[in-house]
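Chains A and B are the protein sequences, given in the same order.
For the first sequence, the working numbering begins at 1 and goes up steadily by one.
For the second sequence, the working numbering begins at 1001 and goes up steadily by one.
If you're looking for bench data, these hints aren't it; they were derived computationally from the structure.
There's no promise every hint is true.
Unchecked claim - Result set (PhoX-like, lysine-lysine): computed pairs, CA atoms no more than 25 angstroms apart in a straight line:
#1 B:Lys1203 x A:Lys192
#2 B:Lys1165 x B:Lys1126
#3 B:Lys1092 x A:Lys329
#4 B:Lys1257 x B:Lys1232
#5 B:Lys1221 x B:Lys1155
#6 A:Lys26 x A:Lys7
#7 A:Lys398 x B:Lys1126
#8 B:Lys1257 x B:Lys1155
#9 B:Lys1126 x A:Lys329
#10 A:Lys105 x A:Lys140
#11 B:Lys1126 x B:Lys1009
#12 B:Lys1232 x A:Lys329
#13 B:Lys1232 x A:Lys192
#14 B:Lys1126 x B:Lys1092
#15 B:Lys1155 x B:Lys1044
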Amino acid sequence: MNYQSDKPLLIKGGTVVIPSAGLEDKRDVLVVDGQVAGIDRPGSFDSVDGAQTYDISGKILTSGLVDLHVHLREPGQEWKENIETGARAAVAGGFTDVCCMPNTKPTNDNGQITSFILQRARDAGLCRVHPIGAITHAQKGQELAPLVELHEAGCVAFSDDGYPVASSLMMRRALEYSSMFGGILAVHEEDKILAGDWSMNESALSLEMGLRGMPGAAEDIMIGRDIELARITGGRVHFCHVSTRRAVTLIRRAKEDGIQVSAEVLPHNFTLTESAVRDFNTAAKMSMPLRSDDDVDGVLEGLAQGVIDCISSDHAPHEADSKNVEFDKASFGIIGLQTTIPLTLEKVRQGKLSLMRAISALTDDPRRCFGLPMTGLRVGASADLTVIDPLQPFVLNKQSNKSRSSNSPFWGCQLTGAAESTIIAGNFVYRASSDSFNPSCRTS
Amino acid sequence: MINKPEPVKIGPHLLGIAGLSLDQVHFILDTAEQFVEVNTRSVKKVPSLRGKTIINLFLEASTRTRTSFEIAAKRLSADAINISAGTSSVTKGESLMDTAYTLQSMSPDVIIIRHGSSGAPHFIAKLLDKTAVVNAGDGLHEHPTQALLDLLSIKQRLGRVTPLKLVMVGDVLRSRVARSNIILHRLLGNEVTVVAPPTLAMKHFEQLGVRICHGLNEGLKGADVVMSLRMKFEYLKDTFIPNLDEYSRLYCLTEEKLKELAPESVILAPGPFYRGVELSSELVDGPRSLVGNQVENGVAVRMAVLFLLSMGRGGAQS
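From just these sequences and the hints, can you work out the full model?
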């Protein structure tokens, strides 16, 4: 049925998960004028006049999912993805909010590019898009980007994306400078000199395959460095795509020491090991690389314990041609917006992660990491909500994929769990039952 | 009733030693031994692959391997075509995928590929459905025919392929010959030792079932077969070793050392090699050396591989 946004919406019959309240139970949720008007025991709102009922029996209702790490490729590489197609993949994957990396062409290192991205996001009208600005001009690590200008234009964090800030001095300056407005630096941690020209994790397998490997230490060393720089500057660091057990240990220690750091992990880094690249499978080539069994267990434990704050997808669309090449020449990255829910729920089913922790890592925790408004399942907050069907079979294929690209090691795999609907300010922006989009999100 | 053993088949491709069974290895060696005889005749040609087309796609520099494959193809009466990086459309930016499709459209029976990227032969093998692919060296990954010709040379001299103590000395890290030989000799159940400084003999070698020695004397003790691997001096900037003088002082193989530590051993060097840095001239040219046999057997092994792959496709006349 079609829901009208000017009438109250009563979402009934689902299991509501609210991590901040420790709530995982049957609740009805009433939405009025785009805001959450009430969350209460089943039946509590049955007498509300003129309410349209949305029955989600057997499904899970959460605050809108947030992805702190996506690549929307616009401007500059629209053949891989654009803001609209990326937003479609986002809402189909249950995300109400995505933060897009600045490695566009040109780089998002000034307010005009930021404004352009926000305008295109409003044009698409599907989800909230939060741009991430570059730390340095053209991500080159030589001079600081105008961080205040970017911040004022709407950037929620700063990153040089695939380029770590190689110079410790530059990183120090960026942390100091951005601390005056509470800026957050989201960093890809890799000692490029130690890592070299790699194409997978360094291990017996990389040795056997004759591929240059990146040792986990190349990641850990930079995480260690930036923990120390955050300590002396009071700046805020967010570690992107943590992939090693050792990194989790370093981050745990930093948090115990009261240093302002946060971290994310990608579903594929807690799902797949490096063995996925066997037979030179470029669909599993990504940066950070897939690592060892022990690392997979390590990052998952870190996530379960909250040392790693949140789950991001690092949705990285690439055209097939850039993957249909020799392994060492293939581009890095996979799409991930539509596989995040099923891959995360798989860990819940396996008992490695509680449902509460999983939902927290996809909703409130990423919001906290980047200081985004706490919307969703709070009375009075914007009704940004995601309905998840945990038992829905899901296959990422030509029919289901909303991204412009199809680079994924999970392509064609039988997965379980998917977004049933994605709601922003009380409006359905996506419904799986009718596979329909409704561009009604007017704010970014 | 007697069950006839299943005939051994090779193919559809030869991408590496990895994936071969012991039976297949022996079958290739046995076939190669028959071709060794052909190569001693005054007319060194058999009609086995008459009418077959074999493409040598060499996208990385090579003299001996390319020539060896070309001679092998010609001695089997196949039509052999050589393509090298400098003369191919690769210089115009054509992708390997398109090069492979283009070549397949001309209906070759076999494409022999040498490529700087590990896995390149595996990549085109996945694309091609009518053409056999032979790996003639891919990046740092594998060089299967080299390991097979090494084994044939060992078999001829020592009369066995197992049990053996194989010791590889030198740049094992960046050697596809080392990888193929490790896989082959572990398959045969032989003891494999790599001798190099820890920068090159990285600890992960142990997981491949290999013993690591940093000292030459310790590593050589009791060796049956010593293999000298090229020290890639053009990569000195990678800082794996301080300089060639120090390397040679620590790791240069000499007759004196072998006489003392492995008196019965034979020595192989896949070449190219640096006399006086990796091994002494006395060794290369001396009685232990199988260097000449390696080159000679290279042709026979490659004839066997080309023959068997074509036969697997039901086309060769035996």
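For each hint, the structure was consulted:
Between Lys1203 (chain B) and Lys192 (chain A), the direct Cα distance comes to roughly 22 angstroms. Compliance with the 25 angstroms bound is thereby established for this hinted pair. In summary, the hint linking Lys1165 (chain B) to Lys1126 (chain B) is not supported, as the alpha carbons are separated by about 36 angstroms, beyond the 25 angstroms threshold. For a cut-off of 25 angstroms, the pair hint linking Lys1092 (chain B) to Lys329 (chain A) stands: about 17 angstroms separates their Cα positions. Among the hinted pairs, Lys1257 (chain B) with Lys1232 (chain B) is consistent with the structure: their alpha-carbon atoms are about 23 angstroms apart, no more than 25 angstroms.
At roughly 21 angstroms between alpha-carbon atoms, Lys1221 (chain B) and Lys1155 (chain B) fall within 25 angstroms of each other, so this suggested pair holds. For the hint linking Lys26 (chain A) to Lys7 (chain A), the alpha-carbon distance of about 23 angstroms falls within 25 angstroms, and the restraint holds. Proximity of Lys398 (chain A) to Lys1126 (chain B) is assessed by CA-CA distance (about 21 angstroms); at most 25 angstroms being required, the pair is judged to hold. Proximity of Lys1257 (chain B) to Lys1155 (chain B) is assessed by CA-CA distance (about 23 angstroms); at most 25 angstroms being required, the pair is judged to hold.
Under the criterion of a C-alpha separation no larger than 25 angstroms, the hint pairing Lys1126 (chain B) with Lys329 (chain A) is consistent with the structure, at around 17 angstroms. Between Lys105 (chain A) and Lys140 (chain A), the direct Cα distance comes to roughly 13 angstroms. Compliance with the 25 angstroms bound is thereby established for this hinted pair. For the hint linking Lys1126 (chain B) to Lys1009 (chain B), the alpha-carbon distance of about 19 angstroms falls within 25 angstroms, and the restraint holds. With a CA separation close to 22 angstroms, the supplied pair Lys1232 (chain B) and Lys329 (chain A) stays within the 25 angstroms bound.
Of the supplied pair hints, the one linking Lys1232 (chain B) and Lys192 (chain A) holds, its CA atoms being roughly 23 angstroms apart against a limit of 25 angstroms. In summary, the hint linking Lys1126 (chain B) to Lys1092 (chain B) is supported, as the alpha carbons are separated by about 24 angstroms, within the 25 angstroms threshold. Restraint check: the Cα-Cα separation between Lys1155 (chain B) and Lys1044 (chain B) comes to about 23 angstroms, which is no more than 25 angstroms; the hinted pair holds.
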